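Colleague: Knowing the structure of chain R, use the given hints to seat chain Y on it.
Chain by chain, the residues:
Number of protein chains: 2
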Amino acid sequence: MSSLRYVALFVLLSLSAGQFLPAQTQNLAERLGYPANAKLLIIHADDLGLAHSVDQASFAALDQRAVSSASIMVPCPWLSEVAAYAQTHPDADLGLHLTLTSEWKTYRWGPVASKDQVRGLLDPMGYLWPDVPPVVQNASPEEVEREIRAQVDAALRAGIKPTHLDSHMGTLFASPAFFAAYVKVAREYGVPFFAPRIPNGPKDLLDLAEKNGFLLDGVAMAGEGVKPEGWPAFYAGILRTLKPGVTEMIVHLGHDDAELQAIAVEHPAYGSAWRQRDFDVMTSPEFKKALEENHIILIGWKDLKKLL
Amino acid sequence: MSSLRYVALFVLLSLSAGQFLPAQTQNLAERLGYPANAKLLIIHADDLGLAHSVDQASFAALDQRAVSSASIMVPCPWLSEVAAYAQTHPDADLGLHLTLTSEWKTYRWGPVASKDQVRGLLDPMGYLWPDVPPVVQNASPEEVEREIRAQVDAALRAGIKPTHLDSHMGTLFASPAFFAAYVKVAREYGVPFFAPRIPNGPKDLLDLAEKNGFLLDGVAMAGEGVKPEGWPAFYAGILRTLKPGVTEMIVHLGHDDAELQAIAVEHPAYGSAWRQRDFDVMTSPEFKKALEENHIILIGWKDLKKLL
Chain R
1 MSSLRYVALF VLLSLSAGQF LPAQTQNLAE RLGYPANAKL LIIHADDLGL
51 AHSVDQASFA ALDQRAVSSA SIMVPCPWLS EVAAYAQTHP DADLGLHLTL
101 TSEWKTYRWG PVASKDQVRG LLDPMGYLWP DVPPVVQNAS PEEVEREIRA
151 QVDAALRAGI KPTHLDSHMG TLFASPAFFA AYVKVAREYG VPFFAPRIPN
201 GPKDLLDLAE KNGFLLDGVA MAGEGVKPEG WPAFYAGILR TLKPGVTEMI
251 VHLGHDDAEL QAIAVEHPAY GSAWRQRDFD VMTSPEFKKA LEENHIILIG
301 WKDLKKLL
Chain Y
1 MSSLRYVALF VLLSLSAGQF LPAQTQNLAE RLGYPANAKL LIIHADDLGL
51 AHSVDQASFA ALDQRAVSSA SIMVPCPWLS EVAAYAQTHP DADLGLHLTL
101 TSEWKTYRWG PVASKDQVRG LLDPMGYLWP DVPPVVQNAS PEEVEREIRA
151 QVDAALRAGI KPTHLDSHMG TLFASPAFFA AYVKVAREYG VPFFAPRIPN
201 GPKDLLDLAE KNGFLLDGVA MAGEGVKPEG WPAFYAGILR TLKPGVTEMI
251 VHLGHDDAEL QAIAVEHPAY GSAWRQRDFD VMTSPEFKKA LEENHIILIG
301 WKDLKKLL
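The listed protein sequences derive, respectively, from chains R and Y.
When we follow the working numbering, the leftmost residue of the first sequence carries the number 1, and every step to the right adds one.
When we follow the working numbering, the leftmost residue of the second sequence carries the number 1, and every step to the right adds one.
The shape of chain R in the complex, shown without the other chains (with noise of 0.2 angstroms):
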């Protein structure tokens, strides 16, 4: 159900009971059905179909409930592992990250729509662009609402039903018109899309976004600032300084290995190394226990999906 529709639906009861609080004043976790101070989790694996190695890491990760949710890059030569995982495990929480980007040096992917509908997509070889500024000087709003349809209609065709729709390296943050568009997409396919509530953020996507769906009350993410020693002391204190409402930790598991290695060579952000820290902290005994001590609840996409 829409925010807006929500809202009507609330003015109506309250009008007869007298008695509901208006929506607004509801937060997110309080929509789901919990206490509004209640400590709400997503904990959301990026890239899966990247590669081999990060889709082994992933879904074991989502097998063993180590992750509540992950979202698939439907460009990259192993959806069709993914897919399979997905028709295997109905229960998985699977969004898509809708991807215009293809940023590695030795390992590329070009668009899932026809090459001449995206021209501005494409680099000079024909793949999606290796960073997000030149797809916001190069790309229409058009072609970036032709080339994300195209790939939840391939998600689609591959049997994959979407929980939800992100966006990879936020390229889909980066221009308003493409904001626009993936709203559009998401709300026409029923599905809900990842924005977070930022404090000072541009008024008119939040409100964009809001009306459309809902806000995220928080997003953590691991930057090129930790150390790598500092892996685990850094997810403790996300965990030990979670505020109430729900938050979405993104996180990028792989395996430390020759495919990885390889695909991020000269890399070391978001590389081979980085995801094996992640997969090792998120699949350890003392996360879970952090889990536990700090009184934090873990939900997917599917539980949000059912506010719409």
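Among the clues, some could well be false.
Chain copies aren't distinguished; within one or between two, either way the pair holds.
[Stated by the list, open to error] As a list, the in silico DSS-like pairs of lysine-lysine whose alpha-carbon atoms are at most 30 angstroms apart:
| # | residue 1 | residue 2 |
| --- | --- | --- |
| 1 | Lys105 | Lys302 |
| 2 | Lys302 | Lys115 |
| 3 | Lys115 | Lys105 |
| 4 | Lys161 | Lys288 |
| 5 | Lys306 | Lys161 |
| 6 | Lys184 | Lys115 |
| 7 | Lys243 | Lys105 |
| 8 | Lys203 | Lys306 |
| 9 | Lys39 | Lys306 |
| 10 | Lys161 | Lys115 |
| 11 | Lys243 | Lys115 |
| 12 | Lys243 | Lys289 |
| 13 | Lys105 | Lys39 |
| 14 | Lys306 | Lys115 |
These are calculated hints, taken from the structure and not from any lab test.
None of the values given here were measured: they were computed from a predicted structure.
Modeller: Only chain Y this time, still in chain R's reference frame:
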């Protein structure tokens, strides 16, 4: 120089000098400047670009001169890794393994051309077909020509200077019209193309190939009849019984690792262990010694290119 022009030159020379053998009686070994009974061998690694595992094994074999030539699958994700190798190894004998199929289960690729322009090459997911018969059934010769031309153009854009063309899974040999497109594109780009002399083969195709280049005298490749433990003996037998002229021995190199095991899942033929066996035999001292003992001269497609 084309065979036709080659014949014309010889006719001219024999008219003036009166002592040259007609061109058609010179075999390929003689045309390369060797005695007619010389045993010339191209040891050729297929499928570069398919996977990092394949690339690493093939680069190692090229570096050790354990193989004398190789060819690249342009639509595959690891093309950039191969292009970087080609640029740092300008003497490497690298052709294009023109690819019209995407045959593995977990790991797929699409065309290089815009999908709208090669619809007949695509399976329902938008990937290249998984096998040769649906390509023959669905793709027009025009689509085939468009795609292989796009593959050559993409390789050139990536900085690869192909020494030759050949055909992944032999798709371009599966229809006379496909074969004609292959010959046409090779001629236009001025590169030789793989075509073996086949006893009792289709005369019109063999004539077309010979008119536009030359026919190799033989081709050898491990098939499913070879048992794993019989691998060294199989290749030793090829060397021992090698006929005079130019033979291409096609090998499939790779390491038996997690990436390649996942790509070749449920497909032992040309799979991960298979490719490791090929690598192990090709790089073995026993194989090197057998080449010497049998007086076999390794050549590459660069040598053959000089005949055009």
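Colleague: Taking the earlier hints as the rules, which of them does this structure contradict?
Modeller: Checked against the structure, the hints that fail are numbers 2, 7, 11, 13 and 14, while the rest are satisfied.
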